[in-house]
Amino acid sequence: MPKMLMTGNAAVGEAAIRAGCQSYYGYPITPQNELTEYMAANLGRRPGCAFVQAESEIAAINMVYGASVAGVRTMTSSSSPGISLKQEGISYLAACQLPAVIVNMSRGGPGLGSISAAQSDYFQSTRGGGHGDYRTIVLGPGSVQELADLTHHAFELTDKYLIPVIILGDGMLGQMMEPVEFSHEAPEVPPVRQDALRGAKGRPSRFVRTFTSNPPDLEEVNWSLFRRYQLLQKNEVMWENYMTEDARLIVTAFGIAARIAKGAIKQARANGLKIGMFRPITLWPFPGEQLKALSKKTKFFLDFEMNMGQMIEDVKLSLEGAGDVSFHGRPGGVIPTPSEVLRVITRIYYQKGLS
Amino acid sequence: MKKVFTRPVSLKNAVFHYCPGCGHSIIHRITCEVIDELGIQDRTIGVPPPGCSVFAYYYFDVDMVESAHGRGAAVATGIKRAYPESIVFTYQGDGDLAAIGTTETLHAANRGENITAIFINNAVYGMTGGQMAPTTMLGMKTTTSPFGRDGKLEGHPIKMSEILAQVEGSCYVERVAVNSPANIRKAKKAIKKAFQNQIDGRGYSLVEILSPCPTNWKMSSVRAWEWVDEVMSREFPLGVIKDTTGKRSAD
Amino acid sequence: MLIKTVFAGFGGQGVLSMGLNLAQAAMIEGKYVTYLPAYGAEVRGGTANCTVSVSDEEIASPVASSPSYIIAMNHPSMLRFQNQLQSGGIFFLNSTLIKDPVNRGDIDLVNVPVNAVAEELGNIKSANMVMLGAFIKKSNLVRFDSLIDGLSVTLKGKQKLIDINRKALAAGYELA
Ligand SMILES: Cc1ncc(C[n+]2csc(CCOP(=O)(O)OP(=O)(O)O)c2C)c(N)n1
Ligand code: SF4
Ligand SMILES: [Mg+2]
Chain A
1 MPKMLMTGNA AVGEAAIRAG CQSYYGYPIT PQNELTEYMA ANLGRRPGCA
51 FVQAESEIAA INMVYGASVA GVRTMTSSSS PGISLKQEGI SYLAACQLPA
101 VIVNMSRGGP GLGSISAAQS DYFQSTRGGG HGDYRTIVLG PGSVQELADL
151 THHAFELTDK YLIPVIILGD GMLGQMMEPV EFSHEAPEVP PVRQDALRGA
201 KGRPSRFVRT FTSNPPDLEE VNWSLFRRYQ LLQKNEVMWE NYMTEDARLI
251 VTAFGIAARI AKGAIKQARA NGLKIGMFRP ITLWPFPGEQ LKALSKKTKF
301 FLDFEMNMGQ MIEDVKLSLE GAGDVSFHGR PGGVIPTPSE VLRVITRIYY
351 QKGLS
Chain B
1 MKKVFTRPVS LKNAVFHYCP GCGHSIIHRI TCEVIDELGI QDRTIGVPPP
51 GCSVFAYYYF DVDMVESAHG RGAAVATGIK RAYPESIVFT YQGDGDLAAI
101 GTTETLHAAN RGENITAIFI NNAVYGMTGG QMAPTTMLGM KTTTSPFGRD
151 GKLEGHPIKM SEILAQVEGS CYVERVAVNS PANIRKAKKA IKKAFQNQID
201 GRGYSLVEIL SPCPTNWKMS SVRAWEWVDE VMSREFPLGV IKDTTGKRSA
251 D
Chain C
1 MLIKTVFAGF GGQGVLSMGL NLAQAAMIEG KYVTYLPAYG AEVRGGTANC
51 TVSVSDEEIA SPVASSPSYI IAMNHPSMLR FQNQLQSGGI FFLNSTLIKD
101 PVNRGDIDLV NVPVNAVAEE LGNIKSANMV MLGAFIKKSN LVRFDSLIDG
151 LSVTLKGKQK LIDINRKALA AGYELA
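Residue numbers (my numbering), protein chains in the order written: chain A, 1 to 355; chain B, 1 to 251; chain C, 1 to 176.
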């Protein structure tokens with residue numbers, strides 16, 4: 001298949017359709033509108049498929065909940081303020097162990113914030129986000145191609161583990177166009193989950209619920225979730241090591257920030273500085289062991305995020321004291337340039353006596 | 001020489017960011033004229049929404065607090081109950097009031113909250129780039145109804161004014177338009193009455209205003225004005241929908 | 001080599017489609033490319049701009065803080081972007097609409113009367129393609145043929161439009 005020039009938003013939509021997503025529910029919000037619009041144009045009129053522009057994000061996530069109960073692959077998308085509204089629904093999805101894909105083309109916060117790209121929702125995404133003791137799988141793409149690939153992967157993961165998946169993009173990834181290639185064709189017959197509620201025809205009736213008057217029952221649910229979280233940690237972490245072999249300073253960054261950092265690292269290397277990068281792709285489960293392994297080579301890390309320091313907590317937890325972690329961050333939707341990051345890298349490199 | 005035209009005191013001296021031909025600018029102006037005429041500038045608190053009017057506080061020279069999308073009626077309830085001497089108005093789009101904020105709006109009206117709602121119906125989500133609104137005409141193409149709004153799939157243009165007129169707590173509901181000098185004058189009278197009701201402690205008043213959005217309707221400003229008459233006001237008839245004040249209606 | 005280009009003008013001048021066609025052509029040539037439009041409140045009130053980055057290796061940031069080339073299709077865009085251009089960069093100006101001088105001595109100016117040329121061609125809407133033609137002649141960023149190939153993708157099936165645009169691209173290319 002030839003490459004196509006697409007926005008990140010459209011690429012998610014196309015990848016979702018090719019992954020057999022049969023229903024999409026959304027509500028307009030910048031900078032992810034093109035995804036909702038793509039689904040209106042390309043999913044809504046496909047036989048057996050549904051598109052609804054809901055009256056709110058709360059409604060949209062509950063439509064997703066309904067579609068998931070009925071056994072079809074389903075997705076919703078929004079940006080930061082809308083994702084906050086979805087948290088109640090995500091907690092219910094987690095409790096009922098229902099698969100769903102939730103896309104956040106995040107923007108600067110708090111509040112209505114700015115519509116520019118930011119990474120201020122890392123905590124919300126990786127710590128569950130709503131009430132209750134649960135996690136979601138969180139994927140952090142860094143290019144339009146990776147957005148497409150991870151969208152497909154998200155549907156596979158959520159069906160396999162029955163845990164909602166959050167794709168944590170940002171306004172820039174959603175808005176920008178890059179060449180993209182799709183490696184899957186849409187299935188002729190989209191998959192329907194075995195345990196779907198589709199009427200008690202030829203079988204006893206079933207119910208899906210979260211509430212119980214017997215705490216030990218709920219504890220059992222939590223344990224069952226927890227066991228799957230451990231499996232995820234063991235089997236599904238994704239990360240990228242970039243020029244870490246001989247690096248004396250390793251930059252940790254994800255998503256669009258990692259991409260900007262990579263540009264800075266290339267320049268730093270050209271200047272003779274031994275810099276590398278560790279980029280988590282699954283933000284939850286966080287590739288902690290893989291990061292820790294790097295501390296055998298160097299003790300010096302620089303965490304760079306487009307917020308005031310959220311992933312740095314996971315970086316420090318993973319290193320378990322085995323590293324000296326500096327930080328550089330720009331919050332609010334300000335997009336740092338590679339040369340700004342290069343200046344920070346260079347300063348820290350010399351301050352720490354790494355030359 | 002007698003001055004016949006001047007900027008209302010409660011309208012800041014700033015250039016509107018709205019598109020040429022947009023109804024928001026007209027509505028801002030006449031609302032400010034009303035605030036001046038009623039002498040309430042120093043106790044008015046406005047609640048603008050996310051939407052094209054998100055920067056309304058750059059123009060209204062009164063206290064204003066941004067609400068989250070759709071929550072204006074609840075925020076206004078909080079202000080008015082905490083400080084009943086204030087005059088509180090919400091300024092809400094159709095996406096804001098008729099979609100995401102339906103619940104808050106309906107219940108504020110039903111509680112008879114003593115507030116004033118200015119409801120801008122431009123049949124689209126202007127701010128986010130022209131998506132379908134609950135008030136979009138049947139057959140109308142928007143970026144999320146690319147095949148034209150189909151009642152079976154996307155529902156019908158919702159008549160919030162008629163719905164809100166049904167609940168006990170609303171005292172006055174009128175639908176106006178800002179697409180001709182005559183209509184603009186009527187709109188101003190309605191807004192004035194809606195504020196006066198609050199001053200008199202009568203409960204929830206709402207003025208729905210059919211407002212042109214040439215940009216997302218993809219029309220010239222002149223054509224947009226005509227379209228309000230030819231199409232929009234057929235679906236959304238102008239006039240008083242409810243008036244329990246016992247007084248003469250606004251016009 | 002990483003080359004960043006900003007296209008700016010008012011809505012309706014086809015500024016975004018200039019960027020899109022350049023990006024499409026770069027992709028056809030197998031280059032790395034990103035296209036980033038300005039969006040949201042930034043475009044209320046009628047301005048439009050986009051940034052295209054072309055490179056033979058992975059592109060770090062799609063944002064241009066100091067682009068190599070800037071195309072200004074109207075006067076406000078010239079004012080807004082003139083100080084961002086890299087020293088030694090090229091400023092392409094729609095000289096039909098921009099009469100004031102540019103306040104910099106360290107850059108090259110290319111004046112193209114694109115509206116006039118487009119009008120002569122019988123289609124004022126193709127002024128953007130006249131500019132794009134002139135731009136790639138001067139910048140050598142992509143081949144002319146790749147632009148033409150790109151048109152058939154961006155304007156899929158609209159043969160009449162493709163012909164109009166091709167004529168305008170050629171006219172701009174000849175002019176520069
Ligand atoms: C929770 C949440 N969801 C979505 C948005 C994005 N958003 C901003 S304004 C708006 C609606 C604009 O439409 P309308 O209320 O009709 O106002 P208009 O711009 O047409 O005046 C939306 C959906 C938001 N700010 N918050
Ligand atoms: S998009 Fe429509 S509602 Fe928004 S400012 Fe422009 S004309 Fe007004
Ligand atoms: Mg509206």
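The hints are simulated quantities; they were obtained by calculation from the structure and are not laboratory data. We put the CB at the ideal spot given by N, CA and C, even for glycine. Take these hints with a grain of salt, some might be off.
Claimed, not checked - Label-pair ranges, simulated between beta-carbon atoms:
hint, chain 1, residue 1, chain 2, residue 2, range
1, C, P76, B, F55, 38 to 44 Å
2, A, V192, C, H75, 56 to 62 Å
3, B, L138, C, S65, 45 to 51 Å
4, A, G199, B, P237, 32 to 38 Å
5, A, K201, C, I162, 50 to 56 Å
6, A, L197, B, E226, 30 to 36 Å
7, B, E162, A, K234, 34 to 40 Å
8, B, P181, C, E29, 53 to 59 Å
9, B, K218, A, D324, 56 to 62 Å
10, B, D150, A, E185, 27 to 33 Å
11, A, R45, C, K138, 30 to 36 Å
Stated by the list, open to error - In silico lysine-lysine, DSBU-like type, Cα no more than 30 Å apart, as pairs:
hint, chain 1, residue 1, chain 2, residue 2
12, C, K125, C, K99
13, C, K31, B, K141
14, C, K99, A, K3
15, B, K159, B, K80
16, B, K152, B, K218
17, B, K218, C, K160
Stated by the list, open to error - Not the full set, but computed from the structure, chain C residues with beta-carbon under 10 Å of chain A:
hint, residue
18, I3
19, L20
20, A26
21, P37
22, N115
23, A116
Going down the list of hints, with the structure as the test:
{"no.": "1", "hint": "P76(C) x F55(B): 38 to 44 Å", "result": "20 Å, violated"}
{"no.": "2", "hint": "V192(A) x H75(C): 56 to 62 Å", "result": "59 Å, holds"}
{"no.": "3", "hint": "L138(B) x S65(C): 45 to 51 Å", "result": "47 Å, holds"}
{"no.": "4", "hint": "G199(A) x P237(B): 32 to 38 Å", "result": "44 Å, violated"}
{"no.": "5", "hint": "K201(A) x I162(C): 50 to 56 Å", "result": "55 Å, holds"}
{"no.": "6", "hint": "L197(A) x E226(B): 30 to 36 Å", "result": "51 Å, violated"}
{"no.": "7", "hint": "E162(B) x K234(A): 34 to 40 Å", "result": "59 Å, violated"}
{"no.": "8", "hint": "P181(B) x E29(C): 53 to 59 Å", "result": "58 Å, holds"}
{"no.": "9", "hint": "K218(B) x D324(A): 56 to 62 Å", "result": "58 Å, holds"}
{"no.": "10", "hint": "D150(B) x E185(A): 27 to 33 Å", "result": "29 Å, holds"}
{"no.": "11", "hint": "R45(A) x K138(C): 30 to 36 Å", "result": "45 Å, violated"}
{"no.": "12", "hint": "K125(C) x K99(C)", "result": "20 Å, holds"}
{"no.": "13", "hint": "K31(C) x K141(B)", "result": "37 Å, violated"}
{"no.": "14", "hint": "K99(C) x K3(A)", "result": "41 Å, violated"}
{"no.": "15", "hint": "K159(B) x K80(B)", "result": "26 Å, holds"}
{"no.": "16", "hint": "K152(B) x K218(B)", "result": "25 Å, holds"}
{"no.": "17", "hint": "K218(B) x K160(C)", "result": "23 Å, holds"}
{"no.": "18", "hint": "I3", "result": "14 Å, violated"}
{"no.": "19", "hint": "L20", "result": "7 Å, holds"}
{"no.": "20", "hint": "A26", "result": "9 Å, holds"}
{"no.": "21", "hint": "P37", "result": "6 Å, holds"}
{"no.": "22", "hint": "N115", "result": "27 Å, violated"}
{"no.": "23", "hint": "A116", "result": "31 Å, violated"}
Checked against the numbered hints given earlier, the structure breaks hints 1, 4, 6, 7, 11, 13, 14, 18, 22, 23 and satisfies all the rest.
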